[in-house]
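Asks: Based on the hints, put chain C in the right spot on chain P.
Each chain is listed here by its residues.
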Amino acid sequence: MKKIMLSTCVCAALALTACGGGSERLDSVQGEPPAPSGPVQTEDGQRFELRLRGSAAEGYEKLELPIGAVRVTADGAPLKVELAKDSVDVAQADHAHLVAYFYVPQGVERVRVTLQLEGLGGYARAEGSGFVDASVAPVTFEAPVHELALRGRAVVQLDVARSIMDMGSHRLLLPNGVVNY
Amino acid sequence: MRMKQKQQWIAAVCAVVVGGSGVANAHDLICEKKVNGESVVVADAYPYTANYSFKVTNVHPTLPSILLTATDDVLSSEGFTFSPPPPVSIPVNGSLTSNFALQIGSYDECVTIAAQDGVEDNHIDNTFRVTFDLGSAMCSARLTCEREEPPPVECTGPTRTLGFYKNRILTVTQCLAQGAIDLGAIGTITTLPAAEGILWGDPAMYPEGGVRSQLDRLRFLLARQTLVGICNQRLFGATPDPTSLLTDAVAALNTTQCDVISGLIDPVDAFNNGCDSLPLPPGFIPGPSTPQAAEALAVDPTSNSGQSCSP
Numbered sequence: 001m002k003k004i005m006l007s008t009c010v011c012a013a014l015a016l017t018a019c020g021g022g023s024e025r026l027d028s029v030q031g032e033p034p035a036p037s038g039p040v041q042t043e044d045g046q047r048f049e050l051r052l053r054g055s056a057a058e059g060y061e062k063l064e065l066p067i068g069a070v071r072v073t074a075d076g077a078p079l080k081v082e083l084a085k086d087s088v089d090v091a092q093a094d095h096a097h098l099v100a101y102f103y104v105p106q107g108v109e110r111v112r113v114t115l116q117l118e119g120l121g122g123y124a125r126a127e128g129s130g131f132v133d134a135s136v137a138p139v140t141f142e143a144p145v146h147e148l149a150l151r152g153r154a155v156v157q158l159d160v161a162r163s164i165m166d167m168g169s170h171r172l173l174l175p176n177g178v179v180n181y
Numbered sequence: 001m002r003m004k005q006k007q008q009w010i011a012a013v014c015a016v017v018v019g020g021s022g023v024a025n026a027h028d029l030i031c032e033k034k035v036n037g038e039s040v041v042v043a044d045a046y047p048y049t050a051n052y053s054f055k056v057t058n059v060h061p062t063l064p065s066i067l068l069t070a071t072d073d074v075l076s077s078e079g080f081t082f083s084p085p086p087p088v089s090i091p092v093n094g095s096l097t098s099n100f101a102l103q104i105g106s107y108d109e110c111v112t113i114a115a116q117d118g119v120e121d122n123h124i125d126n127t128f129r130v131t132f133d134l135g136s137a138m139c140s141a142r143l144t145c146e147r148e149e150p151p152p153v154e155c156t157g158p159t160r161t162l163g164f165y166k167n168r169i170l171t172v173t174q175c176l177a178q179g180a181i182d183l184g185a186i187g188t189i190t191t192l193p194a195a196e197g198i199l200w201g202d203p204a205m206y207p208e209g210g211v212r213s214q215l216d217r218l219r220f221l222l223a224r225q226t227l228v229g230i231c232n233q234r235l236f237g238a239t240p241d242p243t244s245l246l247t248d249a250v251a252a253l254n255t256t257q258c259d260v261i262s263g264l265i266d267p268v269d270a271f272n273n274g275c276d277s278l279p280l281p282p283g284f285i286p287g288p289s290t291p292q293a294a295e296a297l298a299v300d301p302t303s304n305s306g307q308s309c310s311p
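So the sequences go chain by chain: P and C.
All letters in the first sequence, in the order written, are residues 1 to 181 by this note's numbering.
All letters in the second sequence, in the order written, are residues 1 to 311 by this note's numbering.
Just so you know, these hints were derived from the structure itself, not from any lab.
All figures in this text were calculated on a predicted structure; none of them were measured in a lab.
Careful: at least some of the hints might be erroneous.
Unchecked claim - Cβ pair distances, simulated, as ranges:
1) S95/C with E142/P: 47 to 53 angstroms
2) V42/C with G130/P: 35 to 41 angstroms
3) S76/C with H170/P: 29 to 35 angstroms
4) T247/C with T114/P: 31 to 37 angstroms
5) E43/P with S53/C: 16 to 22 angstroms
6) S89/C with G59/P: 33 to 39 angstroms
7) T114/P with G105/C: 27 to 33 angstroms
8) H170/P with P150/C: 53 to 59 angstroms
9) N122/C with T42/P: 40 to 46 angstroms
Cβ coordinates follow ideal geometry from the N, Cα and C atoms, glycine included.
Just chain P, same shape as in the assembly (with noise of 0.2 angstroms):
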């Protein structure tokens, strides 16, 4: 009976590693640092990774955004942001770029983390490129800093196939995806 019992366990453990809790491995990503297995404690608090990276981008050779800024709050107030790009190439989808650390000071519950994307990014296909409109409405999230401790991460994953209307002389971007911690 122990057995079967340990069994279930590690079996739901198996489980667990092979989904992932919904996230993507990040360790892939070139000339990055590799993705922690949790917050970094620093002077200026936890320190956590904001990434970002595109999925369902089939047909995009390159779709480059342009950051604009991160800004992070807890209670209105603002945190330490570093940004690390000011833009990224979100074609490839097995790479979740790191755009931004974050540092929340002890006791701090719940953090509101901003993503401005702005400005003109570009992409390539092999029917043609072009540029890609993307100064609309930030991408906005809350999330309970014991769940971003999980990993030390938030990463927006932006759902390529449905982000990028066609326009016809350019594209636009209007964010549609998912956030995992």
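Replies: Just chain C now, with coordinates in the frame of chain P:
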């Protein structure tokens, strides 16, 4: 007995591990947002009804997912709440759809709402957000605010603009030949220098110097368009819509109601521009364009009225 206690302990730990890891409550939700059935729409006639739909789908293959919150920051301030209210469980292969009709009364209201999405432009790009255990989903749709196209102008005769009249002495002379031009509190224009003075005068400054009051500035702006409008009527048989537009303008010039005066400047200007592309009547001689000579003739007949805008 001890064996049984051990088994219970292991079961409890297992339950905590599994339950605490989020397997019991799956977290695979996606959302879809449309406005009038599309991802991108344009509002160009008002009042405009934007019918938003918000669909949340459980994409977990085997387990129900719990929708914890469903919000749209911009539309929440307009009265939107997701129905059924979260938290709510969505079964495997299941989805929930909530609808919301946003009534937009005017272009200005549309732009005001657009400014609430975090970017001050003429697009309402509000994002619908749903949260679940260990994550959230977002979806966007765009509503672009555009001004209404003015109704097509029916021309009963050609019109010409302020710029045309101020450069053509002969055309203004022919207009005055048909009689004095009543411009309300500005005065009655009977001479060519006074007419040129209205056309060439500085709306910001009195001819004797000093900054015009708000009332006098608005009166001057309306007076010069009204003069041009009356000449278009006299010389070319053009008819404004409404037909009382020019008499309304003259009446407004006799008041101190700045909002009324201000509100007539664009319509009279639009009348003067409306049929500018039509040819002049056969036989009409507009005269050459001589801006320097016309400006040299101009004598602004206006002065400080000493009045101010009435509340």
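Asks: Any of the earlier hints contradicted here, and which numbers?
Replies: Of the numbered hints given earlier, those the structure breaks are 1, 2, 4, 5, 8, listed in rising order.
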